[in-house]
Amino acid sequence: NAGVTQTPKFQVLKTGQSMTLQCAQDMNHEYMSWYRQDPGMGLRLIHYSVGAGITDQGEVPNGYNVSRSTTEDFPLRLLSAAPSQTSVYFCASSYSADSLNYGYTFGSGTRLTVV
Amino acid sequence: KNEVEQSPQNLTAQEGEFITINCSYSVGISALHWLQQHPGGGIVSLFMLSSGKKKHGRLIATINIQEKHSSLHITASHPRDSAVYICAVRWNYGGSQGNLIFGKGTKLSVKP
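These protein sequence lines map, in sequence, to chains A and B.
If you're matching positions, the first sequence starts at 1 in our numbering and goes up one per residue.
If you're matching positions, the second sequence starts at 1 in our numbering and goes up one per residue.
Derived from the structure by calculation, the hints contain no laboratory data.
All the pointers check out, no bait thrown in.
Once the Cα atoms are required to be at most 25 angstroms apart in a straight line, the calculated PhoX-like pairs of lysine-lysine come out as:
| id | chain 1 | residue 1 | chain 2 | residue 2 |
| --- | --- | --- | --- | --- |
| 1 | B | LYS104 | B | LYS54 |
| 2 | B | LYS68 | B | LYS53 |
| 3 | B | LYS107 | A | LYS9 |
| 4 | A | LYS9 | B | LYS104 |
| 5 | B | LYS107 | B | LYS55 |
| 6 | B | LYS68 | B | LYS104 |
These figures come from a predicted structure and were not determined experimentally.
Isolated chain A (complex conformation) (with noise of 0.2 angstroms):
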């Protein structure tokens, strides 16, 4: 099926380890976007990439990097994990970035838990 797919669901670290949540699409987008979502809170922006080659930072950037080799895939990177960094964290993709005719497609989460 044709959207965005979210790799693991579910992951558990040790404060200080890496890892990489993966973010892939299939329908073409241009404009793709991580998020993380805590209690209490809305969606924040981390990363956000425009386009194969671009990216830029959001509200909480801080702790994680992303890059965009290809338009299909974006991932998001934690360099030393963090108790704070705990989260689930969403993927969102959408056609164009200043196009006001497409809505956004989300992945089904990453659910993350540093120890």
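Starting from the known structure of chain A, fit chain B onto it as the hints suggest.
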């Protein structure tokens, strides 16, 4: 400061009731989205609005750009409508036109 405010935070309704969830925002926007997040966690896009009103089945979304306010209505509510409903605005900010600012969500529980 949360630039997108939703009310109520929690809502319990009996099956068949008409439900309204409100969203107010303070920034200049190009579009507003209503999203649904089920207990399993997945997020589904319901509506994208830049003006007026949209309807899909029992769901109706309206927006008043001048008043910076949107409402999501559910007619003839059903237990399967139980979910968290999230308002998100697409803001006008330099080159970041695609970015969304989210409300905290309204948790709806519909009792049979």
